[in-house]
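*Asks:* What follows is the residue order along each chain.
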Amino acid sequence: METQHLDIELRLDRPDDFYEALVDMHRGLDEAQSRLVNAKLILLLSNQVGDLAVLREAMAVAREDVLGPDSETELPPQP
Amino acid sequence: MVQARENPVYPYRRSPDQDGEQPAHHPVIVVGAGPIGLSAAIDLALHDVDNVLLDEDDTVSIGSRAICFAKRTLEIFDRLGCGQRMVDKGVTWNLGRVFFRENEVYRFDLLPEAGHQRPAFINLQQYFVEEYLVDRARALEGTEVRWKNRVTAVEPGESAVHLTVETPDGPYAMTCDYLIVADGARSPVRHMLGFKSEGQVFQDRFLIADVVMKADFPPERWFWFDPPFHEGQSTLLHRQSENVWRIDFQLGWDADPEEEKRPERVIPRIRAMLGEDAEFELEWVSVYTFQCRRMESFRPLPRVFFAGDAAHQVSPFGARGANSGIQDTDNLVWKLAAVLGGRAPESLLASYDAERIPAADENILNSTRSTDFISPKGEVSRSFRDATLMLAERYPFARRLVNSGRLSVPSVLSGSPLNTPDRDPFGGRMVPGAPCADAPVRLAGGPDWLLNHLGGEFTGVYFLGAEPGMPKADGEALDALERGGIPIRWVFVGQGGDEGGQVLVDAEGLAHERYDARAGTFYLIRPDQHVAARWRGVERDAVVEALTRATGGVAVASTPRRAGDGNATSRHRAASRPAG
Numbered sequence: 300m301e302t303q304h305l306d307i308e309l310r311l312d313r314p315d316d317f318y319e320a321l322v323d324m325h326r327g328l329d330e331a332q333s334r335l336v337n338a339k340l341i342l343l344l345s346n347q348v349g350d351l352a353v354l355r356e357a358m359a360v361a362r363e364d365v366l367g368p369d370s371e372t373e374l375p376p377q378p
Numbered sequence: 002m003v004q005a006r007e008n009p010v011y012p013y014r015r016s017p018d019q020d021g022e023q024p025a026h027h028p029v030i031v032v033g034a035g036p037i038g039l040s041a042a043i044d045l046a047l048h049d050v051d052n053v054l055l056d057e058d059d060t061v062s063i064g065s066r067a068i069c070f071a072k073r074t075l076e077i078f079d080r081l082g083c084g085q086r087m088v089d090k091g092v093t094w095n096l097g098r099v100f101f102r103e104n105e106v107y108r109f110d111l112l113p114e115a116g117h118q119r120p121a122f123i124n125l126q127q128y129f130v131e132e133y134l135v136d137r138a139r140a141l142e143g144t145e146v147r148w149k150n151r152v153t154a155v156e157p158g159e160s161a162v163h164l165t166v167e168t169p170d171g172p173y174a175m176t177c178d179y180l181i182v183a184d185g186a187r188s189p190v191r192h193m194l195g196f197k198s199e200g201q202v203f204q205d206r207f208l209i210a211d212v213v214m215k216a217d218f219p220p221e222r223w224f225w226f227d228p229p230f231h232e233g234q235s236t237l238l239h240r241q242s243e244n245v246w247r248i249d250f251q252l253g254w255d256a257d258p259e260e261e262k263r264p265e266r267v268i269p270r271i272r273a274m275l276g277e278d279a280e281f282e283l284e285w286v287s288v289y290t291f292q293c294r295r296m297e298s299f300r301p302l303p304r305v306f307f308a309g310d311a312a313h314q315v316s317p318f319g320a321r322g323a324n325s326g327i328q329d330t331d332n333l334v335w336k337l338a339a340v341l342g343g344r345a346p347e348s349l350l351a352s353y354d355a356e357r358i359p360a361a362d363e364n365i366l367n368s369t370r371s372t373d374f375i376s377p378k379g380e381v382s383r384s385f386r387d388a389t390l391m392l393a394e395r396y397p398f399a400r401r402l403v404n405s406g407r408l409s410v411p412s413v414l415s416g417s418p419l420n421t422p423d424r425d426p427f428g429g430r431m432v433p434g435a436p437c438a439d440a441p442v443r444l445a446g447g448p449d450w451l452l453n454h455l456g457g458e459f460t461g462v463y464f465l466g467a468e469p470g471m472p473k474a475d476g477e478a479l480d481a482l483e484r485g486g487i488p489i490r491w492v493f494v495g496q497g498g499d500e501g502g503q504v505l506v507d508a509e510g511l512a513h514e515r516y517d518a519r520a521g522t523f524y525l526i527r528p529d530q531h532v533a534a535r536w537r538g539v540e541r542d543a544v545v546e547a548l549t550r551a552t553g554g555v556a557v558a559s560t561p562r563r564a565g566d567g568n569a570t571s572r573h574r575a576a577s578r579p580a581g
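These protein sequence lines are chains X and F, in that order.
Sequential numbering from 300 applies to the first sequence in this note's numbering.
Sequential numbering from 2 applies to the second sequence in this note's numbering.
Calculated from the structure, these hints are not laboratory results.
Some hints could be false.
[What the hints assert, rightly or not] Listed next, with one range per pair, are the computed distances between beta-carbon atoms:
no., chain 1, residue 1, chain 2, residue 2, range
1, F, Gly253, X, Ala361, 53 to 61 Å
2, F, Pro113, X, Arg313, 41 to 49 Å
3, X, Pro314, F, Ala115, 27 to 35 Å
[What the hints assert, rightly or not] Residues on chain F that point at chain X, a partial pick, calculated with CB under 10 Å:
no., residue
4, Met193
5, Glu380
6, Asn404
Backbone N, C-alpha and C define an ideal beta-carbon position, used for all residues, glycine too.
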């Protein structure tokens with residue numbers, strides 16, 4: 300999808316180090332613990348980003364393709 | 002179970018209406034003597050609108066039910082003449098504390114600033130609130146509560162609504178110009194008329210236990226997520242009047258409501274929470290589920306209005322049920338009075354939906370969000386919830402995400418067609434549509450509150466600033482409005498010391514601050530204490546235009562009426578203007 304607010308170009312300064320750290324963050328955790336750690340990480344990073352327009356777009360991109368190629372990728376309308 | 006008090010019984014009395022050859026006619030009939038119906042009946046009587054309030058029972062609420070009455074509700078009760086009795090009897094609180102497992106994660110102060118007459122909340126059992134409202138209604142002429150009067154049929158006609166009412170003496174008929182339906186979430190009248198209230202049912206069950214005990218918890222709202230004494234669920238504790246405590250246990254969807262109500266099940270839960278040696282007695286136990294829903298229109302027929310739970314329903318987290326219902330009648334009654342009194346066109350009544358539906362949606366949104374946090378659906382939602390609570394203990398940003406109920410605040414009617422948009426630059430929160438903020442003032446040398454002088458009818462508040470008197474042009478505009486018989490009661494707020502008996506002295510400067518006022522600032526306030534319009538000076542035509550708009554008319558400057566025409570009520574307080 301086209302994004303207006305979310306930067307989809309590479310911004311990570313050390314991409315391979317980041318990816319390794321992300322996987323390592325879950326070492327020794329069971330599924331429930333991993334889910335909790337992921338949730339905390341998302342909350343921390345969302346607060347760092349701050350801008351809801353960026354976050355909503357990231358959520359829509361994250362959902363894209365997950366439900367199959369023909370499915371609706373937009374988030375439900377916001378109140 | 003113990004009964005901490007005995008409910009009053011209001012005997013059925015035969016009404017002369019039951020012996021008439023023709024059905025008796027009343028300007029307004031209200032159905033349902035709960036907090037909402039009673040408030041409506043009192044407010045109508047204060048506006049000189051004769052009304053009858055019908056209730057199928059002969060007493061007040063069984064069990065405490067609604068307990069948290071918000072600042073705005075207390076201010077409305079003040080206007081209705083029974084706020085002080087509620088506050089005296091209730092438990093005042095401003096602070097909420099949230100716990101996760103063993104630890105406190107954060108606390109919030111719902112009234113962080115001083116200079117308000119009323120606290121953020123009182124806790125008072127619904128049976129006391131209803132009793133005091135009944136007493137107030139009985140002290141007024143113009144309203145009559147008829148107990149053991151059950152509405153069995155409603156026929157909305159073009160010129161009147163026809164009711165059939167069942168009593169211990171058999172049925173009788175009545176008609177009214179307008180019907181206010183406040184008969185609760187199950188609303189028999191709504192069903193009779195074939196209207197629906199639609200929305201979302203939440204798959205969770207909660208146990209309410211009201212216990213009588215002597216305990217020294219402070220008067221605060223305590224909310225636990227996943228506490229050691231009730232693992233995996235939430236618990237809420239509130240102190241009520243007369244040593245009654247409300248404990249609300251989340252049970253989950255699979256709980257058996259009948260089983261969970263048995264004292265053998267309830268008492269161990271409370272012992273786990275309070276300790277094995279705690280001494281308490283159960284007063285009332287109830288298991289409930291809840292829905293967030295509303296009717297499509299709260300005025301589905303031209304002469305029929307729905308208010309409170311009959312019109313819209315929310316979860317209890319946030320205390321947005323009874324509090325929003327009382328805002329409904331606060332909004333509706335002055336409009337009905339103005340239309341019935343010939344002071345406003347019938348089009349004013351359309352603004353009830355325009356103003357109260359967005360308010361209901363705001364309450365439903367907040368209530369739904371709280372419920373999603375308290376009862377997460379699925380494992381991922383629960384992970385986010387627990388992650389938020391874990392972070393909140395140590396990291397301030399996450400505290401604002403914790404949602405144990407966003408507690409009731411009055412809606413700002415910002416999109417209302419009755420508002421006159423600002424023409425002059427203003428800051429602060431008192432935008433057109435906002436409920437008026439309170440402020441401490443002095444009157445004739447004694448302490449008083451600004452809100453005591455607003456509402457009941459249209460009020461013009463003129464801020465004098467530090468200098469006594471007012472500019473000549475403003476004085477002439479006020480004279481022209483007064484000569485024109487424009488039905489506005491005048492209130493003057495000064496900053497100086499002694500301004501004579503009629504001026505409210507803003508000694509602490511908080512009224513000027515909260516209204517972003519300086520010398521010459523002028524607010525037009527609605528009878529329900531919401532801002533209709535504001536300016537940096539008085540212009541006769543602009544005021545007339547705003548008043549016309551706020552009463553549902555076409556907003557064009559009208560020709561002056563003769564003095565005495567359309568004066569709002571007999572209870573106008575005369576206000577004289579300071580010499581300037």
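*Asks:* Decide, hint by hint, whether the structure agrees.
*Replies:* Status of the hints after comparison with the structure:
{"no.": "1", "hint": "Gly253(F) to Ala361(X): 53 to 61 Å", "result": "30 Å, violated"}
{"no.": "2", "hint": "Pro113(F) to Arg313(X): 41 to 49 Å", "result": "44 Å, holds"}
{"no.": "3", "hint": "Pro314(X) to Ala115(F): 27 to 35 Å", "result": "54 Å, violated"}
{"no.": "4", "hint": "Met193", "result": "32 Å, violated"}
{"no.": "5", "hint": "Glu380", "result": "7 Å, holds"}
{"no.": "6", "hint": "Asn404", "result": "13 Å, violated"}
This entry does not satisfy hints 1, 3, 4, 6, going by the numbered hints stated previously.
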